[in-house]
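Each chain, written out:
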Amino acid sequence: MNSLISIDNLSFEFPDHPVLKEFTLELNAGERLGISGPNGSGKTTLLRLLMGLEKGAIGSLTILDRSCKTESDFQEIRKEVGYLFQNSDDQLFCPTVFEDVAFGPINQGLSSKEAHDIAHETLESLGLSDLRRRITYKLSYGQKRLVALATILAMKPKVLLLDEPTNGLDDASENRLTQILTELPQEMIIISHNQPFLEKVATRTQLFESVS
Amino acid sequence: MLLERVTDRQTLLDKLDPRVRVFIAGILSLLPIVVDRFETAGIVLGLAALVCLLERIPGRYLIQRCIAVNTFMVMMIAILPWSVRGEVIVTFGNLEYSQEGLLQALLILVKCNTVMLTFTAWISTMEAVVLGHALDKLHLPSKLIHLFLFTLRYLTVLEDEYRQLRQAMALRQFRPKLNGHTLKTFGNLVGMLLVRALDRSERIMDAMICRGYSGKFYTMRHYVVRTIDYCAIACVVLLTASILGWNFV
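As they're listed, the protein sequences go chains E and D.
So that you can map any letter, position 8 of the first sequence is 8 in the working numbering, and since no number is skipped, the others follow by simple counting.
So that you can map any letter, position 74 of the second sequence is 74 in the working numbering, and since no number is skipped, the others follow by simple counting.
Be aware that one or more of the hints could be misleading.
What the hints assert, rightly or not - No farther apart than 27 Å at their CA atoms in a straight line, the calculated lysine-lysine pairs in the DSSO-like style are these:
#1 Lys158(E) to Lys113(E)
#2 Lys113(E) to Lys137(D)
#3 Lys158(E) to Lys216(D)
#4 Lys55(E) to Lys216(D)
#5 Lys69(E) to Lys138(E)
#6 Lys79(E) to Lys177(D)
#7 Lys69(E) to Lys216(D)
#8 Lys113(E) to Lys143(D)
Said to hold, decoys possible - Which bits of chain D does chain E cover? Going by a derived footprint, with three or more residues having C-beta under 8 Å, they are:
#9 140-152
#10 204-211
What the hints assert, rightly or not - Residues from chain E that face chain D, not an exhaustive set, calculated with beta carbons under 8 Å:
#11 Lys79
#12 Tyr83
#13 Phe103
#14 Gln108
#15 Gly142
To be clear, the hints were calculated from the coordinates, so they are not data collected in a lab.
Note that CB positions come from ideal geometry on N, CA and C, so glycine has one too.
Kindly produce the complete structure, drawing on both the sequences and the hints.
If you want it as structure tokens, here you go:
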């Protein structure tokens with residue numbers, strides 16, 4: 001197995017406008033692929049297609065050696081692919097940080113004790129243990145982003161999809177995120193407009209072109 | 001802010017298990033409803049006030065709550081006695097304002113304030129999230145708990161969005177007046193908030209699906225009932241029993 005995600009000739013359109021036309025992309029082992037492109041060109045839609053949150057694309061989509069077509073294919077994929085949303089407020093819905101991080105592992109069928117341990121480990125590895133008992137809506141913007149990343153990493157994904165991870169972060173938070181991402185073992189696709197950030201983190205970049 | 005607890009300090013009641021607090025608050029707010037004599041109702045009111053004092057509830061907060069409850073009560077004292085038969089104090093045409101009616105209204109006033117003070121002392125000093133957890137552990141319907149917790153989580157987000165939109169409006173020289181333009185603008189504002197909330201709820205649902213959500217929601221905190229909790233329950237039960245005894249025997 002060499003390529004983790006392989007998109008071949010994928011086309012997708014919303015009722016009023018086309019988004020992807022015969023789009024092709026490969027994510028290979030050991031890669032951190034940066035994708036940049038104009039606003040509204042469908043980068044986020046691409047990630048949503050990969051997670052099966054948008055349906056009805058034409059073409060072939062292979063993720064972790066599994067050809068993805070139906071909802072049940074994507075349900076399997078979601079256990080192994082972590083998706084960081086553009087807006088962390090959408091992603092952190094549990095009252096406390098700790099519960100939010102433990103939410104995924106529990107859904108994966110782990111016992112309460114195991115989920116507890118994983119949540120602890122994950123928060124500690126990101127240096128977020130102090131935030132454990134905090135209420136999610138009282139976190140700062142940068143903290144929310146890192147906690148959102150923790151909620152995804154707690155599910156031990158094989159691949160990460162990150163949508164504008166540095167959006168709205170100050171320099172210190174951005175540096176911290178850069179360091180965390182470069183130290184992670186996972187392959188990832190990173191959508192970003194932030195060129196200096198992509199140069200530091202990505203091993204390869206691909207320009208996303210608007211269809212229309 | 002809307003969801004902040006009344007005080008940031010650790011209070012006396014924080015030593016108790018949250019479930020026990022909710023349970024006791026339930027009993028203590030049922031008690032004034034059951035009693036029907038001024039002496040006993042007065043004692044229960046006094047107890048509630050005492051707990052407020054021990055919890056050191058800020059005076060301003062208490063006064064605000066008292067005003068809210070008692071404005072309504074004033075109306076009741078003015079209206080209720082006209083419809084109760086008894087010794088007449090005032091007459092107005094065919095209508096008679098009775099002493100019995102006035103006493104009944106005053107008793108309701110006392111009871112109402114007791115319930116308000118009880119909840120202020122026992123519940124409003126809790127972090128709202130903790131209250132949600134406690135209710136969950138008390139096995140209230142999980143759908144209600146989800147609604148409560150999600151409301152807690154996203155009310156502040158919506159509030160922020162509302163404030164931002166209002167500021168954006170103010171920056172473009174919008175001043176609310178009594179005219180069509182204002183009505184239309186507020187209509188747009190509310191509409192925009194609704195649409196955004198709907199969009200957001202869809203994104204949250206997506207986020208939950210991405211993390212394997214399948215209809216169950218878990219709260220992770222665990223509470224332990226300790227000796228002090230049993231003591232508190234025993235005291236409250238004893239107190240309730242003796243007050244009820246005095247009232248009815």
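Structure-based check of each hint:
Annotation: proposed proximity of Lys158(E) to Lys113(E) holds, straight-line Cα distance about 23 Å (limit 27 Å). Only pairs whose Cα atoms come within 27 Å are accepted, and Lys113(E) paired with Lys137(D) is accepted, the gap being roughly 18 Å. Pair hint Lys158(E) plus Lys216(D) holds up; C-alpha atoms about 25 Å apart against a cutoff of 27 Å. Between the alpha carbons of Lys55(E) and Lys216(D) the distance comes to roughly 25 Å, so the proposed pair stays at or under 27 Å and holds.
For the hint linking Lys69(E) to Lys138(E), the alpha-carbon distance of about 39 Å lies beyond 27 Å, and the restraint is violated. The hinted pair formed by Lys79(E) and Lys177(D) fails the criterion: a straight-line CA distance of about 54 Å is larger than 27 Å. Restraint check: the Cα-Cα separation between Lys69(E) and Lys216(D) comes to about 26 Å, which is no more than 27 Å; the hinted pair holds. With a C-alpha separation of about 24 Å, the suggested pair Lys113(E) and Lys143(D) falls inside the 27 Å cut-off, and the hint holds.
Coverage of the segment 140-152 of chain D by chain E holds in this model, with 3 residues showing a Cβ closer than 8 Å to a Cβ of that chain against a need of three. With 7 residues having a beta carbon nearer than 8 Å to a beta carbon of chain E, the segment 204-211 of chain D meets the requirement of three or more and the stated coverage holds. Here the hint on Lys79(E) is kept, as its CB sits about 6 Å from the closest CB of chain D, short of 8 Å. The beta carbon of Tyr83(E) comes within 5 Å of a beta carbon in chain D, closer than 8 Å, and the hint placing it at the interface holds.
With its C-beta approaching chain D no nearer than about 6 Å, Phe103(E) sits inside the 8 Å limit, and its interface hint holds. A hinted interface residue such as Gln108(E) counts as satisfied when its beta carbon comes closer than 8 Å to some beta carbon of chain D; here the least separation is about 6 Å, so the hint holds. Here the hint on Gly142(E) is broken, as its CB sits about 17 Å from the closest CB of chain D, past 8 Å.
In terms of the numbered hints stated before, the structure departs from hints 5, 6, 15, listed from lowest to highest.
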